[in-house]
Amino acid sequence: MNSNKGILHIFALVLILTLFVFSGETFALDIKKQDLPNGLKVFHAERKNLPIVVLTLLIKASPLDESDEKAGTASLTAKLLTEGTAGRSAMQISEEVDFLGASLGAGAGKDYTTVGLGVLKKDLQKGFELFADILLRPSFPEEELKRKKEQLKGMLKRQEDEPGFVADRAFIREVFGSHPYGRLTEGSVKSIDAITRQDIIDFYRANYRPDNAFLTVAGDISQAELDTLLGLYLKDWKGPGTAGPSKHKAPEKAQRTTPKVIIIDKDITQANIILGHAGIARENPDYYAVSVMNYILGGGGFASRLMKIVRDDMGLAYSIHSGFSGNKYPGAFEVGVQTKNESADVVVREVLKQMRRIKTELVSDKELSEAKSYLTGSFPRRLETTSKIVDFVSAVQFFDLGDDYIQRYPSYINSVTKEDVRRVAEKYLNPESYVLVLVGRQSGMKLHQLQAP
Amino acid sequence: MFIARLVFIGVCLFLFSDAQASQVKEFRLKNGLKVLIVEDHKAPLATFQIWYRVGSMDEPTGKTGISHLLEHMMFKGTPKYGSKVFSNIIQKNGGGDNAHTSKDYTMYFQTLSSDRLHLSIKLEADRMRNLLLDPKEVSSEKNVVMEERRMRYEDSPQNLLYEEVIAASMKTHSYRWPVIGWMSDIASIERKDLFEHYRRMYSPDNAFIVIAGDVDPEKIMSDIKKHFGRIKPSGLRKKTAKKNTVNAEPGQNGERRIYLKKEAELPYIVMAYHTPNFPDNDSYALDVMATVLSDGKSSRLYKSLVYEKKMALNSGADYNGFHRDPFIFTFAATAAPGKDIGEIEETIYDEIEKIKKEPPSDKEVRKAKNQIESSFVFAQDATYTKAYYAGMFEMLGDWRLMDRYLEGIRKVSPQDLQAVAGKYLNELNRTTGILVPQKKKGGPGEQQ
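Residue numbers (our numbering), protein chains in the order written: chain A, 1 to 453; chain B, 454 to 901.
Simulated from the structure, these hints should not be mistaken for lab results. Treat the numbers as computed from the prediction; the structure is a model and nothing was measured. Some hints here could point you the wrong way.
Said to hold, decoys possible - In silico DSS-like links for lysine-lysine, alpha-carbon gap of 25 Å or less:
1. Lys32(A) - Lys249(A)
2. Lys190(A) - Lys247(A)
3. Lys545(B) - Lys372(A)
4. Lys893(B) - Lys807(B)
5. Lys122(A) - Lys763(B)
6. Lys126(A) - Lys235(A)
7. Lys122(A) - Lys816(B)
8. Lys372(A) - Lys864(B)
9. Lys366(A) - Lys545(B)
10. Lys893(B) - Lys190(A)
11. Lys446(A) - Lys353(A)
12. Lys308(A) - Lys545(B)
13. Lys353(A) - Lys763(B)
14. Lys146(A) - Lys792(B)
15. Lys816(B) - Lys756(B)
16. Lys359(A) - Lys816(B)
17. Lys146(A) - Lys876(B)
18. Lys495(B) - Lys32(A)
19. Lys148(A) - Lys750(B)
20. Lys146(A) - Lys32(A)
21. Lys756(B) - Lys149(A)
22. Lys308(A) - Lys589(B)
23. Lys750(B) - Lys157(A)
24. Lys876(B) - Lys714(B)
25. Lys126(A) - Lys792(B)
26. Lys810(B) - Lys876(B)
27. Lys807(B) - Lys149(A)
28. Lys121(A) - Lys750(B)
29. Lys157(A) - Lys715(B)
30. Lys60(A) - Lys247(A)
31. Lys48(A) - Lys792(B)
32. Lys763(B) - Lys148(A)
33. Lys762(B) - Lys149(A)
34. Lys807(B) - Lys48(A)
35. Lys157(A) - Lys892(B)
36. Lys388(A) - Lys495(B)
37. Lys157(A) - Lys792(B)
38. Lys495(B) - Lys121(A)
39. Lys418(A) - Lys545(B)
40. Lys756(B) - Lys157(A)
Construct all of the structure, not just a fragment, from the sequences and the given hints.
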């Protein structure tokens, strides 16, 4: 397909925020729930528009469950699922998946791991069997582990050429310190080297268990068809013993009182800027007021203040956005922008000015109503495709948003007042003690002015 | 707002094949505006797309990037709806809108609740004729596009190499220009240039509309007639059709090699071979060949370069067949740390020679067709992609070509792959570009 990057990226952070956004009036999703005897929860949404089936298994396993020294274990475990099972080599798995024209893969994020399958209806049983095989019987061959580690380290090196990646890595490290949110899910070259096959096996045994996961299935599949597949392939899935207690820790709150500026010199024409600090958790009751506030500040694409001023009025950037990542524990608030090195200081000053403004002045009636109508009105689009539905249902379960979340969401948003917007801006934005990362040509940036914004 | 580099991995299908094109309903207004409607009632949503038959290939020398800049300016207002009002109206109605410019076309789209489609119709009709092109806005937007160019090309060594390879591989055809334009060209574009380009290219007889989603075609058509029906055809396109014809690319008689030296971590290679475009008889086999070479972890390039030899971090083969004029077949790979880019190049040639010497197995070709089919079926899940497929084929001449394409893919044999590899993937016909990483000038700094 065409690579529709660009502006859509601006919405990336917003999407994290507004994962469950919809207008409840006309939209409903018929989801059936069942609990298997082995503890696996299963959610099912049947849809007949296309002969396809998409499923995702969400496992509560992530960097939150690994040590700092072995950072990357969760990610590596997930990536190795498709690289060999008791009965299939890595290449056999790839051959079989590709022959179906299917997609099968796994990956770890900040809070959880997903194992996903997308397959044509006619190949469902074969696809499901492959899915269960990599989930239940991975063999983690030593040779594949070695290969994957080299690939990951190579990818990390390649990403050094992406200024946005370099900026983000420095930013999270500074904001979250030694907490898992402060490092890449892939880990570092050093921590990847430290991971052994036994670490992977231990991580898999401790976390990949039916009572620590739930499966979401959507598409052209009936309840009876699903039950048959579950009976054939997942019924006997058992984890050893009982699930251990969670060792998760919330990130510590930074004791910062002044800005921290990090400049990374790179011979490029633009300064890649990230400015921000710790934000809020997904479960925070202020999440919805924060969504509205952030939409107006910098999350709303061309409707946002930052875009209007920095791009449209000043012509200083192609894209600028702000976002809160609503994670299990408080994630980051960040403003991201690229501008030619010479304009970096002007743009940073403008960002801080807009953060201060939304903390002190009430937003206009028009801004408030437009933010609400977008956030509530865009819901049906967010559930347009089968894979979007699967992701949505999984996330609703993970964050425990409730079975009636779809119905209740509009009222969460519509009850936000102008005073709420100012209150949450006052509470969660900090234009006096933030982390500012600039990746660009240091000699081109006017640094002295950044010292005292 | 984005540049579309078409990496069109198969618009094919077998499950739906014959039913597919017949789902499209075609209408035409008296002023020449064609409308294609694809009904899909699975959700109360619709996508509206308007395609203008103008891309970077239609630009005057010295003004590269003018189509893309004009696309940006299309969001900057008319007398009736001021700057950015278009997007604001769509967003506050819960919709999303954007546009992209390619070498061949410029396309604007909105995806929204199907009961709000009248907004798209009213607003797109207005900006087809009444664009303000305020000189102050032009000058500000040029800066925005220059920032976009810095982000996408100047500061991205791999994209910059791709741009260089295209520029070297084409001598006479305007495909050699980047869609975003050269920096100095962007700087030189004035309001009058944009206005002339706009008046010439933006008219009902040089555009078509595609709608997919939960709509009633009759109702929609009466609304479209009301708003677009009054716009006069320019006829300019017909009159200047000859003048617009770009010069065909002459045959290439020897490899062209270029090197790019930039601050970068790892070497990167891009190769481009001239190939015909769809619906040339060879285009189907070229498409299947690209899939055999690089789609999935069992594909030949991945298996050899990434998995077995561990030389490359990634690899790809891409047939750029969905273009108005003949373009290229490309290969690309990033070297793994410490690996020699020369060996990667040789390994790619080995893979090409293998296909020339021995046709792939029936099973391998069937696997590629299954992959093409499946990606097509999955794409039908979104109204945007549904509309896009119909629009793509219409842009190439007729939406009915979709069926011809499917038919063509279905007929591809292993021997066809062998034949097109022999015919096009030759040294004489190749342009090769290599990114040679340069060391960093300074170290990282940090200050409180």
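Results for each hint:
1. For the given pair, Lys32(A) sits about 33 Å from Lys249(A) by alpha-carbon distance, which is inconsistent with the 25 Å threshold.
2. Annotation: proposed proximity of Lys190(A) to Lys247(A) holds, straight-line Cα distance about 23 Å (limit 25 Å).
3. For a cut-off of 25 Å, the pair hint linking Lys545(B) to Lys372(A) stands: about 8 Å separates their Cα positions.
4. The hinted pair formed by Lys893(B) and Lys807(B) fails the criterion: a straight-line CA distance of about 39 Å is larger than 25 Å.
5. The suggested pairing of Lys122(A) with Lys763(B) is violated, with an alpha-carbon distance near 35 Å, which exceeds 25 Å.
6. For the given pair, Lys126(A) sits about 17 Å from Lys235(A) by alpha-carbon distance, which is consistent with the 25 Å threshold.
7. Between the alpha carbons of Lys122(A) and Lys816(B) the distance comes to roughly 18 Å, so the proposed pair stays at or under 25 Å and holds.
8. With a CA separation close to 52 Å, the supplied pair Lys372(A) and Lys864(B) exceeds the 25 Å bound.
9. Using a Cα cut-off of 25 Å, the hinted pair Lys366(A) and Lys545(B) holds, with the two alpha carbons roughly 10 Å apart.
10. Taken as a hint, the Lys893(B) and Lys190(A) pair is honoured in the structure, with Cα atoms around 22 Å apart against an allowance of 25 Å.
11. Distance check on the hinted pair: Lys446(A) and Lys353(A) sit about 18 Å apart at the alpha-carbon level, within 25 Å; holds.
12. At roughly 15 Å between alpha-carbon atoms, Lys308(A) and Lys545(B) fall within 25 Å of each other, so this suggested pair holds.
13. Under the criterion of a C-alpha separation no larger than 25 Å, the hint pairing Lys353(A) with Lys763(B) is inconsistent with the structure, at around 50 Å.
14. Only pairs whose Cα atoms come within 25 Å are accepted, and Lys146(A) paired with Lys792(B) is accepted, the gap being roughly 17 Å.
15. Annotation: proposed proximity of Lys816(B) to Lys756(B) holds, straight-line Cα distance about 16 Å (limit 25 Å).
16. Distance hint between Lys359(A) and Lys816(B) is unfulfilled; the C-alpha atoms sit about 63 Å from each other, more than 25 Å.
17. Proposed proximity of Lys146(A) and Lys876(B) is contradicted: the alpha carbons are some 40 Å apart, above 25 Å.
18. Between Lys495(B) and Lys32(A) the CA atoms are separated by roughly 19 Å; this keeps the pair inside 25 Å, and the hint holds.
19. Our distance criterion of 25 Å between C-alpha atoms is met by Lys148(A) and Lys750(B), whose separation comes to about 13 Å.
20. Restraint check for Lys146(A) and Lys32(A): the C-alpha separation of about 42 Å exceeds 25 Å, so the hint is violated.
21. Between the alpha carbons of Lys756(B) and Lys149(A) the distance comes to roughly 17 Å, so the proposed pair stays at or under 25 Å and holds.
22. Of the supplied pair hints, the one linking Lys308(A) and Lys589(B) holds, its CA atoms being roughly 15 Å apart against a limit of 25 Å.
23. Note on Lys750(B) and Lys157(A): the hinted pairing holds, with a Cα-Cα distance of about 21 Å set against a maximum of 25 Å.
24. A distance of roughly 32 Å separates the Cα atoms of Lys876(B) and Lys714(B); the hinted pair therefore is violated under the 25 Å criterion.
25. Between Lys126(A) and Lys792(B) the alpha-carbon distance is near 38 Å, which puts this suggested pair outside the 25 Å criterion.
26. Proximity of Lys810(B) to Lys876(B) is assessed by CA-CA distance (about 13 Å); at most 25 Å being required, the pair is judged to hold.
27. Restraint check for Lys807(B) and Lys149(A): the C-alpha separation of about 30 Å exceeds 25 Å, so the hint is violated.
28. For the suggested pair Lys121(A) and Lys750(B), the alpha carbons sit about 22 Å apart, so the restraint of at most 25 Å is met.
29. With a C-alpha separation of about 16 Å, the suggested pairing of Lys157(A) with Lys715(B) holds against the 25 Å cut-off.
30. At roughly 12 Å between alpha-carbon atoms, Lys60(A) and Lys247(A) fall within 25 Å of each other, so this suggested pair holds.
31. The straight-line distance between the Cα atoms of Lys48(A) and Lys792(B) is roughly 49 Å, outside the 25 Å bound, and the hint therefore fails.
32. Restraint check: the Cα-Cα separation between Lys763(B) and Lys148(A) comes to about 10 Å, which is no more than 25 Å; the hinted pair holds.
33. Of the supplied pair hints, the one linking Lys762(B) and Lys149(A) holds, its CA atoms being roughly 15 Å apart against a limit of 25 Å.
34. Between Lys807(B) and Lys48(A), the direct Cα distance comes to roughly 43 Å. Violation of the 25 Å bound is thereby established for this hinted pair.
35. Between the alpha carbons of Lys157(A) and Lys892(B) the distance comes to roughly 14 Å, so the proposed pair stays at or under 25 Å and holds.
36. Between Lys388(A) and Lys495(B) the alpha-carbon distance is near 14 Å, which keeps this suggested pair within the 25 Å criterion.
37. Among the hinted pairs, Lys157(A) with Lys792(B) is consistent with the structure: their alpha-carbon atoms are about 13 Å apart, no more than 25 Å.
38. Under the criterion of a C-alpha separation no larger than 25 Å, the hint pairing Lys495(B) with Lys121(A) is consistent with the structure, at around 18 Å.
39. Between the alpha carbons of Lys418(A) and Lys545(B) the distance comes to roughly 17 Å, so the proposed pair stays at or under 25 Å and holds.
40. A hinted pair counts as satisfied when its Cα atoms are at most 25 Å apart, and Lys756(B) with Lys157(A) qualifies at roughly 22 Å.
Hint compliance for this structure: hints 1, 4, 5, 8, 13, 16, 17, 20, 24, 25, 27, 31, 34 are broken, all remaining hints hold.
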